[in-house]
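Given next are the chains, with one letter for each unit.
2 protein chains.
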Amino acid sequence: MKKRYLISPGPTPVPEDVLLEMARPVIHHRTPQFSEIFRECSEGLKRLFKTEQTVMTLASSGTGAMEASVTNLFSPGETVLVVNGGKFGERWGKIAEAYGLAVEWLNVEWGQAVTVERVAEALDKNSAISAVLTQGSETSTTVAHPIEAIAKLTKDTDRLLIVDGITCVGVVDTPMDEWGIDVLLTGSQKALMLPPGLAFIALSEKAWKKREISKLPRFYFDLKKEASNVVKDTSAYTPAASLISGFRKALEIMFDEGLDNVYQRHDTLARAVRAGCSSMGLKALAPDSPANSATGIFVPDGVDGGKLVKDLRDNYGVTFAGGQDHLKGKIIRIAHLGYFDSFDMIVAMSAIEMGLAKAGVADIAGKGVAAAEAILNERY
Amino acid sequence: MKKRYLISPGPTPVPEDVLLEMARPVIHHRTPQFSEIFRECSEGLKRLFKTEQTVMTLASSGTGAMEASVTNLFSPGETVLVVNGGKFGERWGKIAEAYGLAVEWLNVEWGQAVTVERVAEALDKNSAISAVLTQGSETSTTVAHPIEAIAKLTKDTDRLLIVDGITCVGVVDTPMDEWGIDVLLTGSQKALMLPPGLAFIALSEKAWKKREISKLPRFYFDLKKEASNVVKDTSAYTPAASLISGFRKALEIMFDEGLDNVYQRHDTLARAVRAGCSSMGLKALAPDSPANSATGIFVPDGVDGGKLVKDLRDNYGVTFAGGQDHLKGKIIRIAHLGYFDSFDMIVAMSAIEMGLAKAGVADIAGKGVAAAEAILNERY
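Protein sequences, first through last, are from chains A and B.
Residue numbering for the first sequence follows our numbering, beginning at 1 and increasing consecutively.
Residue numbering for the second sequence follows our numbering, beginning at 1 and increasing consecutively.
Just chain A, same shape as in the assembly (with noise of 0.2 Å):
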């Protein structure tokens, strides 16, 4: 007998009463019935996202909404600064290039945030440029960009910012209109709490007017498409039926705890797991912006990363995630983002803590999780 939890930075753990409401029988999608929780869901994405534009709803992982920012917004040849400190930055530029676009890569070591200032100079080195392609929280490295800052740099200006905000949205507080982020787009499996399977993305008017000029094909992602259809209460091609009846589920969660709650929250979780790593002698892999959806830790000097975490998957039944390409075996990433609370973060310092003693760490029994406990009290 093994009980499974689930502490990766997504797919996250659903709410029993999400997952009871998606076991109900499937409702058809061009019903008004439908039509209603599709509504409730497209306005509570607005209140999600703080914005006045419309937030479509995508049948797809987030890597679709990263494809349709590209292929709605820009043409063959033109030229788009990327903003490349992990796995998903890097995933911005291919996909870029993908449709031919000239990238401009900004290159931030793995661990680190991007500047605002290396931004602004390459912004002023290059005037070809024409927007910023950056996550909000970069989840390979469990940093967080400083997003607000670059807004400020693109706002009053031609050029687009277009944030993944795929471990950001409903993490903390990201309000796309105040920013003035252009295009933001998130995933359903991370602060949502739902299963993977669907994409949100809303664009600014400033985006949806360059959508007018943009000549990259585009079919299934035809953002425009959408967003007539949104406001009809309906999608473009049938929807995810059962994973957006859930969703509305999962909105009235957060809304009734109250987005600054889940914010406080999030970043209460984050803290104590900090704390818990810092107290077991362990390294951040992101000390200096440390991202609020997971935290990313190297593991001691002569333990394998990658075995720890196999173990700790196989035989603990706790799933965390290890690292990717040169940070494979080295780090382990503990989440704190969606249907989280304060036991399952001491479930994950004491995982870690048991895991490590079984590979022969030292002196670390009790000591993550004591840590942990004295900043998580702050929430009772």
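Read the hints as simulated data drawn from the structure, not as lab findings.
Wrong hints could be hidden among the right ones.
The list treats identical chains as interchangeable, and a pair is accepted whether it falls inside one copy or across any two copies.
Calculated cross-link-like contacts (lysine-lysine; reagent style DSS-like; alpha-carbon spacing at most 27 Å) [as the list claims (entries may be wrong)]:
#	residue 1	residue 2
1	K358	K310
2	K125	K206
3	K50	K2
4	K310	K225
5	K3	K249
6	K46	K2
7	K249	K232
8	K307	K155
9	K94	K152
Start from chain A and add chain B according to the hints.
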């Protein structure tokens, strides 16, 4: 947002697969389809009780099976010896008295197990005693009584040994036939990982013979009628059908794990909790004969145990049991029977550490968890 953890000695958590099974449409109970489920449960019960006798399934709480033991086996005025070391021992006596039996009370200090010597002495002193009524594990005091040894006193005599095994069957090995237990009973909401609503009871040959001459009135709990239906794969009255469907799944889970592994798991979790509490400096209620079902601990001087249990339940989301009668406000009972895995015990230790820290107890953080981890790591 608050996740809920149920760490009380009944009800205990129900596995997701059992919940899903019970969520299926109700099967009519007078059909071959239901009979097949019922038959599998009855066979599984024999494996669990380790008996060749028929094990009956009643739609009642465990107390119903306790009452059935009395009404099916005795006549008015008969004398029984009741081991009274807690709330449930007391209940045996109350049931017997309600039906006009003469109760010889063998009172045991709460937190202590009865000794075989005291049972032997009581039996020697009063030849009128026709049965010993006891608990296998006294849930209110988290004590294990020495059933195997007591059975040796009654086995080759006319006296019956009647064992309330509600927090004993499925927790620790309790081989009914081998030990010579005459009545063994349990309930669904403990080690059997189900919601409340079912009781299970089996009688030895000696008990069945005594039933023939017993004169107390009974109707719903007529075990002879029930047993004659069980052998036809049905029940005398309407069975709690969805609970029984869930029970088949729960038995499947237990047998897949292997009964010996189930007992071993309970033993490891119990030792971890005892070590954790001891490391926190908390005094055990039953230090000499602790049950593997639950661990009772005294709260530190100056801490109101009632308030602590309430705070942990209502604010932290972790439900423990408090104390009853003169132990009210003085103890916490931490469960480790049924659908519990290592990290449930970590959550239990951490919640108590946090609750006590909040209540002003110093230098406790991480101590219970660390000691528990060292023992739990035996499992990995």
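Each hint tested on the structure:
Taking CA atoms no more than 27 Å apart as the test, K358 paired with K310 passes inside one copy only; the shortest distance there is 13 Å, against 36 Å between copies. In the homo-oligomer, the alpha carbons of K125 and K206 lie at most 27 Å apart inside one protomer (23 Å), although the nearest pairing across protomers, at 96 Å, exceeds that limit. Taking the shortest Cα distances, K50 and K2 sit within 27 Å of each other only across copies (25 Å), while inside one copy they are farther apart (41 Å). Within a single copy, K310 and K225 get their C-alpha atoms no closer than 44 Å, and across copies no closer than 54 Å, so neither meets the 27 Å cut-off.
For a Cα distance limit of 27 Å, the shortest separation of K3 from K249 qualifies both inside one copy, at 25 Å, and across copies, at 16 Å. Proximity of K46 and K2 under a CA criterion of 27 Å is satisfied inter-copy only: 25 Å between copies versus 40 Å inside one chain copy. Taking identical chains as interchangeable, the C-alpha atoms of K249 and K232 lie at most 27 Å apart only when both belong to the same chain, with a minimum of 21 Å there against 46 Å between chains. In this assembly of identical chains, K307 and K155 lie within 27 Å of each other by CA distance neither inside one copy nor across copies; the values are 46 Å within and 54 Å between.
In this assembly of identical chains, K94 and K152 lie within 27 Å of each other by CA distance solely inside one copy; the values are 26 Å within and 77 Å between copies.
Of the numbered hints given earlier, the model fails hints 4 and 8; all others are met.
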